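*Asks:* Note that the protein sequences, when read in sequence, are chains A and B. End of the first sequence sits at 218 in full-length UniProt numbering; the numbers just go up one at a time, nothing left out. End of the second sequence sits at 220 in full-length UniProt numbering; the numbers just go up one at a time, nothing left out.
It is worth saying that the hints were derived from the structure and are not from the lab. Watch out, some of these pointers could steer you wrong.
[As the list claims (entries may be wrong)] Cut-off 25 angstroms, straight-line C-alpha distance, at most; resulting in silico cross-link-like pairs (DSS-like, lysine-lysine): (1) B:Lys131 / A:Lys62; (2) B:Lys121 / A:Lys52; (3) A:Lys52 / B:Lys123; (4) B:Lys103 / A:Lys104; (5) B:Lys196 / A:Lys53; (6) B:Lys85 / A:Lys26; (7) A:Lys52 / B:Lys98; (8) B:Lys103 / A:Lys53; (9) A:Lys104 / B:Lys141; (10) B:Lys196 / B:Lys25; (11) A:Lys40 / B:Lys61; (12) B:Lys103 / A:Lys62; (13) B:Lys191 / A:Lys62; (14) B:Lys110 / A:Lys40; (15) A:Lys104 / B:Lys51; (16) A:Lys197 / A:Lys187; (17) A:Lys105 / B:Lys131; (18) A:Lys52 / B:Lys178; (19) B:Lys196 / A:Lys52; (20) B:Lys103 / A:Lys52; (21) B:Lys121 / B:Lys23; (22) A:Lys79 / B:Lys121; (23) B:Lys178 / A:Lys104; (24) A:Lys62 / B:Lys85; (25) A:Lys142 / B:Lys204.
The model shown is predicted, which means the values in this text are computed figures rather than measured ones.
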Amino acid sequence: MADELVLLDCLVSMFGMRVRIALAEKGIKYEYREEDLDNKSTLLLETNPVHKKVPVLIHNGKPICESRIIVEYIDEVWKDKSPLMPSDPYQRAQARFWADFVDKKVFDAGRRIWRTKGEELEAAKKDLIDALEILEGELGDKPYFNGDTFGFSDLAFITFYSWFHTYEMCANFSIEKHCPKLIKWAKRCMERESVSKSLVDPITVYEEILMLKKKYGY
Amino acid sequence: MAEVKMFGAWGSPFSKRVEMGLKLKGVEYEYIEEDLNNKSSLLLNYNPVHKKVPVLVHNGKPIAESLIILEYIDEAWEGPDILPKDPYERANARFWAKFIDEKCMPPMWKACWSIGEERAKAKEEASEALKFLENEINGQKFFGGDTIGLVDIAANFIGYWFRIAEEIVGLELMTQDKYPNLCKWAEEYCKCSFVKENLPPKDKLADIFKGIIQAQSAPK
Chain A
1 MADELVLLDC LVSMFGMRVR IALAEKGIKY EYREEDLDNK STLLLETNPV HKKVPVLIHN
61 GKPICESRII VEYIDEVWKD KSPLMPSDPY QRAQARFWAD FVDKKVFDAG RRIWRTKGEE
121 LEAAKKDLID ALEILEGELG DKPYFNGDTF GFSDLAFITF YSWFHTYEMC ANFSIEKHCP
181 KLIKWAKRCM ERESVSKSLV DPITVYEEIL MLKKKYGY
Chain B
1 MAEVKMFGAW GSPFSKRVEM GLKLKGVEYE YIEEDLNNKS SLLLNYNPVH KKVPVLVHNG
61 KPIAESLIIL EYIDEAWEGP DILPKDPYER ANARFWAKFI DEKCMPPMWK ACWSIGEERA
121 KAKEEASEAL KFLENEINGQ KFFGGDTIGL VDIAANFIGY WFRIAEEIVG LELMTQDKYP
181 NLCKWAEEYC KCSFVKENLP PKDKLADIFK GIIQAQSAPK
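In isolation and in its complexed conformation, chain A is listed as follows (with noise of 0.2 angstroms):
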């Protein structure tokens, strides 16, 4: 029987981008279907009652929810085709933990910045220049997080290389001039298909970014 997959997700989500390479890596055939969040459809409301946020992925009905645990999901189901995760269990462990760092430091700092303005929007500023360069000092001068070659801790960052212009735009800075490294890692994952196939234009994110905060007031 043929695996069914549909994945829910909307396309400037970085968090759907992730699943979007995670699928790609695996060279695994599904579905997807954008979700309007100002609109969520009835079978995203059904399969994500807990939180409501996309991205969902929905194996032969089931539905797995949250993007690092639907990636690691995949990586599990199809093991035999490009891991995504390491093999030893302390690098699984530093796997985690910067993929865990990336939603709690990266993601929350560049949230507030196109929300906020003035001292709130300079603190924002400072925190996400803070949290990339741990990133960049994490990274060193190894070509990719993973070491010598893509995995999971590059796939859960990489996504937000979408979102870089955005918010350099809305904090007036530059990343590369803070974190060069960081931007030629980007460089390099892009020229990998799944991840230049799976991320959005920078250009479309910002543009989305500005309908909303013109649409909300930010």
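For this one, chain A is given, so just place chain B on it according to the hints.
*Replies:* Below, chain B without anything else, positioned relative to chain A:
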């Protein structure tokens, strides 16, 4: 030097989670108690990013963040499973553990220590979150099924710390009539000899909580 070291704080549910995981697998470890008001340079070296407990150090290599440490323990040592083997059930366990950390604990804790409108809002948020857990545990002895698993370990705050704090501050949030399944789970959970060994003494915790109240009402 011990092969396995753990930096913790006796009153921290996050710290106790890790101890539960280690004990479940029968791992021998050296425990180092941290004074959270005066963190050791060793801890700060092992966890420079978050500077928090718990940290597990295995053969000199540190791992931080309690849920990540628990998954590591599950993978590094033989013994009873902390996570299920089936990928879908694993995803489910991870989901609820994360839910507890992000959606349950913060408003539950806030509800204990705030007043007026802030408390009402936190209480409402916590109530909604607990409803999901109430449904999830339905009919089972533990979140992990017949035996304790990741979610049960993650829910230690709900099963123990919170119940003590709730009583002291007179919150009345996790009541029997509103959450019969959760209350039953908490009772089973705390009766479990394995869990009992990994909980801080009730009177010591109660003292800490009473101390927080006193500090709040002290003249500024």
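*Asks:* Each hint: holds or not?
*Replies:* Now the hints, each set against the structure:
no., hint, verdict
1, B:Lys131 / A:Lys62, "holds (22 angstroms)"
2, B:Lys121 / A:Lys52, "holds (20 angstroms)"
3, A:Lys52 / B:Lys123, "holds (21 angstroms)"
4, B:Lys103 / A:Lys104, "holds (14 angstroms)"
5, B:Lys196 / A:Lys53, "violated (37 angstroms)"
6, B:Lys85 / A:Lys26, "holds (21 angstroms)"
7, A:Lys52 / B:Lys98, "holds (15 angstroms)"
8, B:Lys103 / A:Lys53, "holds (14 angstroms)"
9, A:Lys104 / B:Lys141, "violated (33 angstroms)"
10, B:Lys196 / B:Lys25, "holds (16 angstroms)"
11, A:Lys40 / B:Lys61, "violated (45 angstroms)"
12, B:Lys103 / A:Lys62, "holds (23 angstroms)"
13, B:Lys191 / A:Lys62, "violated (34 angstroms)"
14, B:Lys110 / A:Lys40, "violated (30 angstroms)"
15, A:Lys104 / B:Lys51, "holds (15 angstroms)"
16, A:Lys197 / A:Lys187, "holds (13 angstroms)"
17, A:Lys105 / B:Lys131, "violated (29 angstroms)"
18, A:Lys52 / B:Lys178, "holds (24 angstroms)"
19, B:Lys196 / A:Lys52, "violated (36 angstroms)"
20, B:Lys103 / A:Lys52, "holds (13 angstroms)"
21, B:Lys121 / B:Lys23, "violated (38 angstroms)"
22, A:Lys79 / B:Lys121, "violated (44 angstroms)"
23, B:Lys178 / A:Lys104, "violated (32 angstroms)"
24, A:Lys62 / B:Lys85, "holds (17 angstroms)"
25, A:Lys142 / B:Lys204, "violated (47 angstroms)"
In the structure shown, a violation is registered for the earlier hints numbered 5, 9, 11, 13, 14, 17, 19, 21, 22, 23, 25, in ascending order.
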